[in-house]
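K.L.:
Each chain, written out:
2 protein chains.
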Amino acid sequence: MSKLLDNVVGELSRLPGIGRRTALRLAMHILRMDEEDVVSMGESLIDFRTKICRCAKCNNLSDTEICDVCADASRDRSTVCVVEQVSDLLSIEKTHQYRGAYSVLGGVISPMQGIAPSDLRIDLLLDRIAMGEVKEVIIAISASVEGETTMFYLMNCLKRFPHLKITTIARGIGFGDELEYVDELTITQALMNRREISKQ
Amino acid sequence: MSKLLDNVVGELSRLPGIGRRTALRLAMHILRMDEEDVVSMGESLIDFRTKICRCAKCNNLSDTEICDVCADASRDRSTVCVVEQVSDLLSIEKTHQYRGAYSVLGGVISPMQGIAPSDLRIDLLLDRIAMGEVKEVIIAISASVEGETTMFYLMNCLKRFPHLKITTIARGIGFGDELEYVDELTITQALMNRREISKQ
Chain A
37 MSKLLDNVVG ELSRLPGIGR RTALRLAMHI LRMDEEDVVS MGESLIDFRT KICRCAKCNN
97 LSDTEICDVC ADASRDRSTV CVVEQVSDLL SIEKTHQYRG AYSVLGGVIS PMQGIAPSDL
157 RIDLLLDRIA MGEVKEVIIA ISASVEGETT MFYLMNCLKR FPHLKITTIA RGIGFGDELE
217 YVDELTITQA LMNRREISKQ
Chain B
37 MSKLLDNVVG ELSRLPGIGR RTALRLAMHI LRMDEEDVVS MGESLIDFRT KICRCAKCNN
97 LSDTEICDVC ADASRDRSTV CVVEQVSDLL SIEKTHQYRG AYSVLGGVIS PMQGIAPSDL
157 RIDLLLDRIA MGEVKEVIIA ISASVEGETT MFYLMNCLKR FPHLKITTIA RGIGFGDELE
217 YVDELTITQA LMNRREISKQ
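Residue numbers (the numbering used here), protein chains in the order written: chain A, 37 to 236; chain B, 37 to 236.
If you are wondering where the hints come from, they were derived from the structure by calculation, not from laboratory data.
Cβ atoms here follow ideal geometry from the backbone N, Cα and C, with glycine treated the same way.
Do not take every clue at face value.
[Said to hold, decoys possible] Here are the simulated lysine-lysine pairs, PhoX-like style, with alpha carbons at most 25 Å apart:
#1 Lys93(B) to Lys235(B)
#2 Lys87(A) to Lys171(A)
#3 Lys130(A) to Lys39(B)
#4 Lys235(B) to Lys201(B)
#5 Lys130(B) to Lys171(B)
#6 Lys201(A) to Lys171(A)
#7 Lys93(A) to Lys235(A)
#8 Lys130(B) to Lys39(A)
#9 Lys235(A) to Lys201(A)
#10 Lys195(A) to Lys130(A)
#11 Lys93(A) to Lys39(B)
#12 Lys93(A) to Lys130(A)
#13 Lys93(A) to Lys171(A)
#14 Lys93(B) to Lys87(A)
#15 Lys171(B) to Lys201(B)
#16 Lys130(B) to Lys93(B)
#17 Lys39(A) to Lys171(B)
#18 Lys39(A) to Lys201(B)
[Said to hold, decoys possible] Here are the in silico distance ranges between beta carbons for each label pair:
#19 Asp108(B) to Glu214(A): 52 to 62 Å
#20 Met69(A) to Asp213(B): 26 to 36 Å
#21 Ser178(B) to Leu67(A): 11 to 21 Å
#22 Ser127(B) to Arg113(A): 26 to 36 Å
#23 Pro147(B) to Ser180(A): 50 to 60 Å
#24 Asp159(B) to Ser178(A): 33 to 43 Å
#25 Asp73(A) to Asp213(B): 46 to 56 Å
#26 Ile102(A) to Cys89(B): 46 to 56 Å
#27 Tyr217(A) to Lys39(B): 38 to 48 Å
#28 Met148(A) to Lys87(B): 52 to 62 Å
#29 Ser178(A) to Ser127(B): 37 to 47 Å
[What the hints assert, rightly or not] Simulated coverage check for chain B against chain A, where a stretch passes if three residues somewhere in it have a Cβ under 8 Å from a Cβ of chain A:
#30 62 to 72
#31 82 to 95
#32 128 to 138
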């Protein structure tokens, strides 16, 4: 087998969810692509990994020292939404409903995976709050065991700012979810946090 | 959103079966990979597309003018297996059972997709046969409408070599296939081509 082909199949199959068979299919597709398109694809991978940095204020991925969100003067800097990952930030941004700032932890506390609080960028959040501008912190961390641990740890850190409002995103049944397939914990929370419907 | 991230997500989502969501997941994985591994992945894509060539004898993918299979003196050059694509050749090679040569057409005749016989490398097969070494041609083309058309066209081309043995790979029920889910045409062929079991 061609070394060039073998290399590309080997490299692509290192990606999650891509086995050797899929990698071969992708390689055959790449072969049919224009040469310049493949060059720009390869370069985009390298550029992304070697040039991207983390925003000094919120730990978001950024091409510059301060990310687009933090640099945007029209955003409300009195509200900070705490998320685990950049992908969570992107999901929230996609709604176009949130106009505050973010603080990306970069993970959750996980003794199993050896992630300690000091591995997370909680320092950036605390620095930001210490500067006095922040009025509300929205905690948008997933409701896993590690997520709950992280939330508990955060609450402890935030205790020393008594005037700070701390909220978490609502837990409940998602749009389109069928009750039949939703787990007990979510249903319990959804029942506990029920809202009254106004009778008009 | 970061331009570098946006670029890599855009480029990856051009690949078949990879949407923007998967591309984002891959990008996040790439971010966690070692920088040198990402560089070698990007370069392997570019090298593959820009440096790979087609074997001058069989149209297989090759790093050199003549591919490994054609260059291997231990292989039986009197038998040539005709396949559509390089991936078919690789599937046959994986069995380690075939020791002959190949001829990769590079597709099948398809008026719908504008692929004419002249777009296929039938010329390489005919050249090889004309040189006198070939005794058997095994046609291993898929049994689609286009495949059958291509096979018919090939048979016509091969008419002028009366001493050539022409065979096709057996059609039948695959190992592990359940009869219940196999199409009628395959079952019909499997019945017609039934083999007698020796009573010992």
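K.L.:
Enumerate the violated hints, using their earlier numbering and listing them in ascending order.
P.N.:
Hints 1, 2, 4, 7, 9, 10, 14, 17, 18, 22, 24, 25, 28 and 32 are the ones this structure does not satisfy, whereas the remaining hints hold.
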